[in-house]
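Asker: Throw the hints in and build the complete structure from the sequences for me.
Residue numbers (this note's numbering), protein chains in the order written: chain A, 1 to 115; chain B, 1 to 873.
One should not assume that every hint holds.
Simulated pairs of lysine-lysine, DSS-like, Cα-Cα distance not exceeding 25 Å [as the list claims (entries may be wrong)]:
hint : chain 1 : residue 1 : chain 2 : residue 2
1    : A       : K69       : A       : K36
2    : A       : K36       : B       : K58
3    : A       : K69       : B       : K58
4    : A       : K80       : B       : K11
5    : B       : K11       : A       : K69
6    : B       : K58       : A       : K80
7    : B       : K549      : B       : K720
8    : B       : K590      : B       : K637
Residues of chain A placed beyond 12 Å of chain B at every Cβ, according to the derived structure [claimed, not checked]:
hint : residue
9    : F26
10   : R89
11   : T93
12   : W99
13   : A103
14   : V109
Not the full set, but computed from the structure, chain A residues with beta-carbon under 10 Å of chain B [unchecked claim]:
hint : residue
15   : H32
16   : G33
17   : A35
18   : H50
19   : G51
20   : L53
21   : H58
22   : M79
Read the hints as simulated data drawn from the structure, not as lab findings. We treat Cβ as the ideally placed atom computed from N, Cα and C, and that holds for glycine.
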Amino acid sequence: MAKEHSNRVELLQGTLDMLILRTLLFGPMHGHGIAKHIQRTSDEVLQVDHGSLYPALHRLDRQRWITSKWETTDRGREMKFYRLTAAGRKQLTLEESRWKQLARAIARVMRPAEE
Amino acid sequence: MRWWARWRRRKQWRERDLDREIRAHLDLEAEEQAAAGVPPGEASYAARRAFGNVDLFKEATREIWGWAWRDRLAQDIRYGLRRLRKSPGFTTVAVLSLALGVGANTAIFSIIHAVLLRPLPYPEPHRLLAIEETQSATKVFSSEAMMVSALHFVTWRKQCRSFEQIALLDGLSLNLTGMGEPERLDVERASATLFPLLGVQPRLGRSFLEEEDQPGRDRVVMLSDSLWHRRFQSDPGVVGRKITLDGVPFEVVGVLPASFRTPWLGGPVDLWKPFAIREDELQVIGDFNYECLARLRRGVSREQAVAEMKIIQSGIARTIPERVELGALLTPLAERMTAGSRQGLLLLLAAVGAVLLIACVNITNLLLARNTARRELAIRAAIGASRGRLGQQMLTESLILSALGGMAGVLLAQTVVGLVVAHAPADLPRIDEVRLDAPVFWFSFLISMVAGLVFGFLPAWKFSLADPQDALKADSRTTTGGTSSGRVRRLLVGCEVGLGTVCLVLAGLLMQSFVRLLRVERGYAVERILTVNLMMPAVRYPDLAARTKFLRSALDDLQRLPGVLAAGATNRQLLSGPGSNNSITLEGTKVPLLERPVVDYRCISPGYFRTFGIPLITGRVFDESDVHRNVAVLSAKTAQGLWPGENPVGKHFRLGDEGSPLAEVVGVAGDVRGVRLDEVPNPTVYLPYWQRDRRDMIIAVRTALEPAAMASGVRDTIRKLDPELPVRAFRTMEQVLSAELSPRRFQLTLVLLFAATALLLASIGIYGVVSYSVAQRRAEMGIRMALGATASDVKWLVMRQGMGPVVAGWAAGLVGALAVGRIVRSLLFDTGTSDLATLASVSAVVLLVALAACYLPSRRATRIDPMVALRYQ
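Answerer: Shown next as structure tokens:
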């Protein structure tokens with residue numbers, strides 16, 4: 001098991017919220033879809049326990065960055081869909097810029113080692 | 001409880017929603033896994049694996065909702081209750097000790113609240129002041145604050161602008177006749193301003209008018225509610241009725257409400273009449289006889305009033321030919337009313353505080369011992385429960401304990417308060433207002449919770465610091481108990497013993513002083529003496545001659561009554577406080593009025609000395625042959641003070657000013673503690689009752705047998721002479737003495753009770769700690785005994801370790817007691833705060849009780865069978 005996951009990366013604390021918001025930018029989505037989307041777009045590198053999405057979703061809901069509603073999927077399944085709010089959009093830009101700053105900073109520190 | 005139901009509904013809805021959401025997620029994932037070729041049996045398992053720990057994420061989600069703490073609390077409470085049920089012994093001891101502590105505190109606080117804290121039942125009570133006078137140049141023998149002179153009062157009323165109202169008060173008694181059984185009533189003579197000053201409205205009629213406050217127009221009275229019920233059958237038409245008091249008609253103008261209490265003059269008052277200061281009361285200089293009340297004008301501070309009164313008083317002093325400094329003492333009324341009881345009550349509060357503290361320390365110790373033995377907690381910590389969470393749980397358990405103890409305490413307090421109020425001395429003001437009301441309940445709730453935090457904090461904190469591995473290991477392997485928790489427990493025992501010692505020393509000092517007061521040289525006998533009050537109304541006894549005639553025949557008849565050994569009369573009951581005093585002038589000297597010595601005077605019959613067993617030192621007692629001469633007997637101290645080293649018999653003096661007749665000293669009698677038992681004898685002058693008397697006199701008889709049984713004989717004898725005279729208030733001298741001692745007895749009983757409780761709790765604490773350490777060290781004891789230690793070696797070891805903290809605590813307690821002894825100094829009679837006998841006997845009691853508490857478990861240690869103890873491990 002451990003070996004199987006060795007090329008997968010644990011999410012940094014707090015980045016999950018950003019990923020969820022980013023995913024919802026494309027339109028309303030349920031929890032399962034969000035999990036799959038994160039996994040797929042990261043080429044299966046980012047491995048999230050599906051369960052860990054739920055505390056995060058409820059936290060974002062509480063912050064009023066997303067709203068939720070039960071809806072039926074195309075395939076006739078009742079799922080709870082989450083939708084980005086205007087405040088959520090603003091929060092996403094904020095977190096994105098913060099993330100870029102952090103990524104640049106880390107990259108700058110790490111570059112000498114690559115040479 | 002509606003919010004609770006709503007909260008539950010919302011919570012359930014959210015739970016269901018989350019369940020549904022997760023189920024939908026898992027179903028979808030399982031479907032996708034199946035579509036990807038996972039065998040149907042494993043698909044749902046795979047979905048769960050992808051999801052992670054469902055319960056953990058649910059829990060995390062609930063945390064987000066912000067309700068977790070409520071769940072945790074409910075869980076902790078359930079868990080705590082279950083644990084407490086499982087150890088009934090511990091729970092009982094803890095709840096009972098707390099109940100003792102909280103109950104005692106609640107009871108004492110309810111008294112303090114009623115007597116000291118609750119505002120007086122008058123509007124804007126902070127503006128009410130009591131006024132007394134001070135005078136620097138007098139040679140008054142007693143205290144420096146004096147009552148108020150009517151003359152000065154009139155000046156204040158005219159000049160002082162700080163007061164909205166000012167009122168003069170005096171107490172007297174009048175006989176109510178002409179409507180059935182004659183009755184002697186307690187009357188307050190009060191300025192017409194008293195009622196507006198106190199802000200009281202009569203329930204019927206009106207209060208006194210300004211013009212009724214003058215001699216001649218003052219034939220009006222107001223009735224107390226209880227007198228109105230008792231003697232007038234609550235007749236609503238009573239206003240305007242005429243009643244006869246001392247043979248004089250008075251008109252009833254009003255009835256006061258039931259809730260009205262007159263400030264401090266003493267017991268309940270039956271009726272009020274206007275003060276109507278008489279001319280003769282204004283002439284006497286240096287006649288400080290009345291109580292005075294004032295209400296400050298709004299916006300005027302007490303300091304301003306003090307300053308203004310100072311100016312007025314020095315103005316008055318300038319009009320007196322002699323050099324004298326007059327001052328005034330302005331005390332907030334509430335303070336003046338409670339001045340006598342404040343200190344005693346605060347002492348009681350300190351004592352019960354110590355009891356509660358000891359109870360807390362005890363429970364801390366029990367909890368500490370219990371937690372060390374609690375493997376289950378250690379296991380829970382080892383498998384990942386957070387320390388904070390466990391500590392929180394333990395604190396919850398403590399708070400449950402304190403809530404239970406608090407409730408039991410309030411129940412206990414209800415009983416205690418009833419007992420205390422029933423036995424409280426009469427001088428405790430407002431004691432009838434004591435009840436367990438909302439502020440008192442809040443107080444007990446608060447102290448219970450604080451107690452819970454106090455005794456729960458240390459165990460919870462210590463536990464959260466401890467390494468669970470140690471706890472698991474300690475339980476199975478260690479043989480010597482020398483851990484830090486043992487040190488803490490011994491320290492706590494030391495604290496308990498220290499606090500207990502302080503309490504016992506204070507109680508011991510009070511007891512010592514009480515015993516000394518009981519044994520003090522009173523100067524008169526109290527055994528087999530019966531006293532009764534007589535009030536001769538002015539109508540039938542208009543003058544001295546009439547009263548003398550009546551008293552002489554009454555005393556003669558009583559003297560002849562079988563069973564009566566002696567009979568005497570006096571104008572003032574022994575031990576009835578200060579009063580009836582006057583200044584003295586010697587023949588041929590000219591001393592300024594205010595510098596003359598003041599003596600108590602007693603107008604007595606010749607049989608008085610024999611009745612009370614007061615010894616005659618020199619000369620003789622006056623008798624009937626002295627009827628036409630002015631004679632007097634002096635107390636030894638008076639004689640010594642007036643004519644030091646000389647024979648006073650045959651000397652002359654005047655009682656009062658130059659106009660008074662010259663009296664010849666015929667004898668000297670022993671000194672008596674006649675004003676109060678705890679005050680040194682006042683200089684006293686005895687005059688024959690036929691020279692000077694009062695309309696109310698005390699008659700006393702010394703009896704051969706039980707004095708109370710003579711009451712009916714005495715009553716019949718007096719009735720035969722005057723059937724209309726109310727004969728009331730029979731008291732034996734032993735009752736008088738007992739009433740005099742009752743405040744001290746009350747205080748002593750309570751403090752002693754609390755100190756004994758403190759000692760009991762402390763000894764339970766010692767016993768618990770020593771037995772626990774014996775149980776913990778079974779193996780060690782076993783090894784020692786296997787290696788040849790004798791039973792007495794082991795016993796000695798246990799005792800020595802047990803007594804270590806006791807001795808330290810006892811020593812600290814003695815030092816502490818010396819330090820806090822100051823707070824009781826003024827309550828003590830003839831006893832220093834470092835009284836050796838007291839310290840020694842308290843030490844003996846503390847150490848003996850502690851020895852006993854150590855001895856019992858130490859015997860158990862000697863009975864350990866080494867083989868069993870070693871195998872047991």
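Asker: Decide, hint by hint, whether the structure agrees.
Answerer: Verification of the hints:
With a CA separation close to 19 Å, the supplied pair A/K69 and A/K36 stays within the 25 Å bound. Distance restraint check for A/K36 and B/K58: the Cα-Cα separation of roughly 20 Å lies within the 25 Å cut-off, and the hinted pair is therefore satisfied. In summary, the hint linking A/K69 to B/K58 is supported, as the alpha carbons are separated by about 19 Å, within the 25 Å threshold. For the hint pairing A/K80 with B/K11, the CA-to-CA distance comes to about 18 Å; that is within 25 Å, so the pair holds.
The straight-line distance between the Cα atoms of B/K11 and A/K69 is roughly 18 Å, inside the 25 Å bound, and the hint therefore holds. About 16 Å separates the Cα atoms of B/K58 and A/K80, which keeps this hinted pair within 25 Å; it holds. Taking the CA atoms of B/K549 and B/K720, the gap is about 15 Å. The hint holds against a cut of 25 Å. Between B/K590 and B/K637 the CA atoms are separated by roughly 22 Å; this keeps the pair inside 25 Å, and the hint holds.
Listed as a non-interface residue, A/F26 keeps its Cβ farther than 12 Å from every Cβ of chain B; the least gap is roughly 19 Å. At roughly 21 Å from the closest C-beta of chain B, the C-beta of A/R89 stays outside 12 Å, upholding its exclusion from the interface. Against chain B, the non-interface label of A/T93 holds: every CB pair exceeds 12 Å, the least being about 24 Å. At roughly 22 Å from the closest C-beta of chain B, the C-beta of A/W99 stays outside 12 Å, upholding its exclusion from the interface.
Under the 12 Å C-beta cut-off, the non-interface status given to A/A103 relative to chain B holds; the minimum distance is some 27 Å. The Cβ of A/V109 lies farther than 12 Å from every Cβ of chain B, with a closest approach of about 32 Å, so its non-interface assignment holds. At a threshold of 10 Å, the smallest CB-CB gap from A/H32 to chain B is about 5 Å, leaving the interface hint in force. For A/G33, the interface hint holds, the least distance from its beta-carbon to any beta-carbon of chain B being 9 Å, beneath 10 Å.
Because the beta carbon of A/A35 sits about 8 Å from the nearest beta carbon in chain B, less than 10 Å, this interface hint is met. For A/H50, the shortest C-beta to C-beta distance to chain B is roughly 4 Å, which falls under 10 Å, so the interface hint holds. For A/G51, the interface hint holds, since its Cβ comes within 10 Å of a Cβ in chain B; the closest pair sits about 4 Å apart. Checking A/L53 against chain B: minimum C-beta separation of about 8 Å stays under 10 Å; hint holds.
At a threshold of 10 Å, the smallest CB-CB gap from A/H58 to chain B is about 4 Å, leaving the interface hint in force. Evaluation of the A/M79 hint against chain B yields a held restraint, the C-beta minimum of about 5 Å falling below 10 Å.
Of the hints listed earlier, there is not a single one the structure fails to meet.
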